[in-house]
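K.L.:
Relying on the hints, combine the two individually framed chains into one complex.
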Amino acid sequence: MRIGRIARQVVALCTLSVMAGAPLAQNAQAPIRVGSTLALTGPLAATSLVHKVVGEIYVEQLNQRGGLLGRKVEWIVKDDQSKPDLARTLYEQLVTSDKVDLLMGPYATGAILSAMGVAQRYHKVLVHHTFGIPSMANYDMQFPAWSLGPDPATTVPNTVFDALAASPAPPKTIAIVTSKFPSVHFMSLGAREVAKKRGLQEVLFLEWDFGNLDYGPIAARIKDAKPDFLWVGALGLEGNQLLDAMHKIDYSPKEHFYMYPAPGPMSKSPLANNALSMTMFEEHAPFTNAPGAAEFIKLYHERAAKAGIPDTSVEVQAAASYSAWQILEAGVKGAGSLDDKAIAAYLKKNGADTIQGHLRFDGPHNYGDDLMRVKQVQDGHWVTVYPKAYAAPGATLRVQ
Amino acid sequence: MTLPSATLLAQSALSGIFIGSLYGLLGLGLSLSWGLLHVINLAHFAFAFLAAYLCYQLASVGGVDPLLTLVLIVPLFAALGIAVQWLLARFSLSPLNSLLATFGLTAIVEAGIQGYWTADFRKLESVYAGEKLRIGGLFVPIPELITLALAVALSFGIYAAMRHTRLGRALRALAEDAPIAAAFGINAQAHALAIAGVSGALAGIAGVCLALSFTLTPSSIYAWVGVVFAAVMLGGLGSALGPLFAGAAIGVSEAVTMAVASPSWAPIVSFTLLIALLLLRPGRT
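From first to last, the protein sequence lines stand for chains A and B. So the first sequence is numbered by the numbering used here: it starts at 1 and just counts up by one. So the second sequence is numbered by the numbering used here: it starts at 1 and just counts up by one.
Just chain B, with the same shape it has in the complex (with noise of 0.2 Å):
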């Protein structure tokens, strides 16, 4: 067995980086949702599909740049996140029921991207797609940096406001103690909008970086849950920083692992990971 070449370690550890940035970023809604709320929201996979076949039609028909579409993608999807949550509260569900309802409401919406886009494959041909910088002998394709800052900027933007604002303290302290909380006058419900509102936002963005750099099919709404999954548990429940790290950490692992092994060991590794810290930490999500 020959030793990889440097060159090819690194490219594959910046392939993990950059597939990780996107886990950590389909992840970062579902974290908060999970942790602050209490809603386990398998409806975000189905929501980040739905915006990013929306970039698809804006940008393939409309001819608007796939970044621009966010002016509408973001506050449609914060919008339909709150419609999300005031419906799931008026139901008080468990997070358990909340992972059964919201299975259901991806099924509804696979089916209807599947009505009006059908089964077949959708590429967003942007002009960002064959754009890449040269680094040395690496190379850096832009969908996927793009991707990358995006996640970055959000993380710690949302680790920031929840440890300097008013808001963001609010909901450590809901999401801690609900009664105390609200003895202190804080308002459960409307708070639980604005995450919901964030969650679905990010979401939406998710969705964006999506369509840049991957074809589309409805079903693929589910290859995802899995290794987001993951890295929100690695990441803990409720931390804004925890998915993009745990995300970046799967990412890279998994590509390393192709590089200097095979393919098909990839999952194992991540999952292994997983695996290891809920039974050296329990307890931590």
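With the rest of the complex left out, here is chain A (with noise of 0.2 Å):
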């Protein structure tokens, strides 16, 4: 009899401790990790720190919400110091050492490549942000974040063209300078043969090495060509040195275009006024209306101001950042696991919504449409202005 109840309340208590043990046990489930890496150092870093405060505001987002499958998601990242190399080296690492369950991709064209190499090794899922020749995205698994269509030296000058074409005064002469930095370089060569296929003539053809110190020759050409528009294959801030260069002979051209600028020194640039870039994204509507993204918009001014970013503007690179953590979310809840090929088979078949609009994957190189659109410096700010159904309100391309 006592026997019998010492048996039943140790029951009970074995009963309560598991009881009280079950969501112990649930929540001590290990997280989901998803390793990276971006450029924390070197020439690419002051980009990469806007990827690396977008995935932070992600991450925090997404554990928020639940997580993944119901579990936590904690996001490892290296730094690759802006080398291709390393990067390569790191992504090893990332999949044979720390064993990450998924992989999100680098900051810029050489890492992803290098990253995108290591993903196909191992046919592991790899969703990046920034990768900007698809033609090189030769892995099935791979998923592109930066919407430039599979053929972007044709459809984005075109795109640039037709805008100019609309504008009260469209361009009869053109000059084309480029860095021979390889994501600008094809970008500027489409220019020129869809330039000469719609009737602009050639006025200047130039190419430069990436890191070149003195534009003060590049700017006195231009001036000497004269050109009605023009085209800049520029990455980060070598269209703020030819602005600066070009100012100081006392010139500025009637309509420019600028590939890759630095977004917050360009708009903040008073030479830059008027000035013509791609996007995807702009802090304005009809972007803004996409679900989430001014909650993103709020979060990012916050956080980018407190890691010491001078532009805390949402626009090209915190946008793509942003789609391509989306990408990874909605590809894991699709497939219901974390198993690679299934996440893959979903991306490819469904896409992914994404505050840059719904993304394809189901192109040439996994690219589906060319989302890129025209903005212009006005004001000190970037706003959008073609095609008019994303033109920022009331906004139009301004012509000198």
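Treat the hints with caution; some may be incorrect.
When the alpha-carbon atoms are kept at most 27 Å apart in a straight line, the in silico BS3-like pairs for lysine-lysine are as follows [unchecked claim]:
{"id": "1", "chain 1": "A", "residue 1": "Lys268", "chain 2": "B", "residue 2": "Lys123"}
{"id": "2", "chain 1": "A", "residue 1": "Lys254", "chain 2": "A", "residue 2": "Lys226"}
{"id": "3", "chain 1": "B", "residue 1": "Lys132", "chain 2": "A", "residue 2": "Lys254"}
{"id": "4", "chain 1": "B", "residue 1": "Lys123", "chain 2": "A", "residue 2": "Lys180"}
{"id": "5", "chain 1": "A", "residue 1": "Lys99", "chain 2": "A", "residue 2": "Lys341"}
{"id": "6", "chain 1": "B", "residue 1": "Lys132", "chain 2": "A", "residue 2": "Lys298"}
{"id": "7", "chain 1": "A", "residue 1": "Lys306", "chain 2": "B", "residue 2": "Lys132"}
{"id": "8", "chain 1": "B", "residue 1": "Lys123", "chain 2": "A", "residue 2": "Lys197"}
{"id": "9", "chain 1": "B", "residue 1": "Lys123", "chain 2": "A", "residue 2": "Lys254"}
{"id": "10", "chain 1": "A", "residue 1": "Lys83", "chain 2": "B", "residue 2": "Lys123"}
To be clear, the hints were calculated from the coordinates, so they are not data collected in a lab.
P.N.:
Below, the structure written as structure tokens:
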């Protein structure tokens, strides 16, 4: 009798402890680990910081929503020092030594290409945010958030020339000057072909090596050529350096386009008024109507300021970064597992909804539509001006 | 192919002289340190950028005129140069090892700059930035003119000091044959610290010139290394005037190449000059 009572008490205690421990055990499930590198130091560090801030925001939001498959998400990010070869080694480490569950791409084309090789070797899905040369993305389980379409060297210049053709003063002559940095160089060569087909007279074509220090002679040649429209295949600060050099010889181009400018320094430069560039997201309607966009913009302003980023506005880089995380989340949730093949199959079939809009991955090299639109610096801010459906309220393309 | 106009050529050559004067100014301190102290001080570039960021900070945040920041920057970087030389002398490093040690120091300074100012771009918007003179059809930007004036004044000033003062003669004697110079009562250590101080101060001045004309990022330290080394080697190690003239030659040859051919050919021209000189005049450096 007494032994029976003790046994009942022991059973009850065990049951209670199991019941009490159940949620603990559930919470104690290991987090899903996402591995990536970013160029936290080196020449690409300024832009990489944007991707770090965005990734932190997204993972925080994701965990507040319950994580993935009922598990928290942990992001492991390593510094590839802006070196693609180091990125390759670190991705190898992430897969073999850290044994991460999922991969997220690094920043910039060279490092992404390195990461893609590793992902292919281990049959891992690689979602990436800033790959600039679609024709080189030959791995079938890579998914781009940089929505250039499969043939940007044709489609992007056509969008720019369409915008100019619709302006009050369509250009008749063009000067194309470009860095030989691969992701802008092939676009500039594409622009050259497209301009020829559209009947624009080329008055100057120049190439320089990435890292050029003296833009004075290039500026002097542009001034001498007197183009109606200047296409600058510039990366980062190169656009600002060329603008400074042109200003020093008292020249400002009539209409001018910059491929991948450093967004903050370009919009804040008084010399850059009316400068054009490409965008997939800016901080105005209709982009801000996308689900989650407003909250992301608010959070990004706060975190970017805290991280010491001088320009805290959400534009192409931040939006592409956020989209990449949205693609990864959609893939895992859609597949209902961490199986890379299942994730890839789901994304190929369904695409993903992002703050840029719906992205498809069923075209050549897993690219869908070219979502690039034309933006312009107007009164110290980037605003989308073309096509009309995506233009900021009341904004039109300004010409000198 | 159409011939470039005279204005285009002249404007490009002027641009080459301006950038060349900055190569020369950056190379001057490096040349003195390499030629007279046998220290290949890669940290010279890092110090120049640190000075540029300090100038940016004092001018942008503190509202100080960028040129007035020299009052603080020159003594500060002279002291920094002395401190580094004192440290290097304690370990009696060979020139190659000094290169490695100062490369490490460069990485530390770069990390420090990134830690404080972040990796983002910093541009000094000074009163001089948009100012320019017009001479005929040519435009002369004031920040570049300031750099040219400083480079010429400092190069000729140091050249004169090296030739006509006791300190200069002592330094040249030490570089030529240190034991014999010491036998004549020249204090090698004190003179080495003096030249390191001058070299540090020159890095500070070059940094202010960089801040006047260029947007700063921590990693742009390395963009200058190759071409400035070329200017120093072309100009002759330990030479005060050499880096200025070699820098101008490189700058002008690159700029004219950009004006008449493709800008991407410019580095080929300048480095071909360097290789030709090393082949034709071996042992000059």
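K.L.:
Each hint should be assessed against the structure and marked as holding or not.
P.N.:
Now the hints, each set against the structure:
Taken as a hint, the A:Lys268 and B:Lys123 pair is honoured in the structure, with Cα atoms around 11 Å apart against an allowance of 27 Å. With a CA separation close to 9 Å, the supplied pair A:Lys254 and A:Lys226 stays within the 27 Å bound. For a cut-off of 27 Å, the pair hint linking B:Lys132 to A:Lys254 stands: about 21 Å separates their Cα positions. Our distance criterion of 27 Å between C-alpha atoms is met by B:Lys123 and A:Lys180, whose separation comes to about 24 Å.
With a CA separation close to 17 Å, the supplied pair A:Lys99 and A:Lys341 stays within the 27 Å bound. With a CA separation close to 42 Å, the supplied pair B:Lys132 and A:Lys298 exceeds the 27 Å bound. Of the supplied pair hints, the one linking A:Lys306 and B:Lys132 is violated, its CA atoms being roughly 38 Å apart against a limit of 27 Å. Of the pairs offered as hints, the one joining B:Lys123 and A:Lys197 is violated, with about 40 Å between alpha carbons and a cut-off of 27 Å exceeded.
With a C-alpha separation of about 25 Å, the suggested pairing of B:Lys123 with A:Lys254 holds against the 27 Å cut-off. The suggested pairing of A:Lys83 with B:Lys123 holds, with an alpha-carbon distance near 25 Å, which does not exceed 27 Å.
When the structure is compared with the earlier hints, violations turn up for hints 6, 7 and 8 and for no others.
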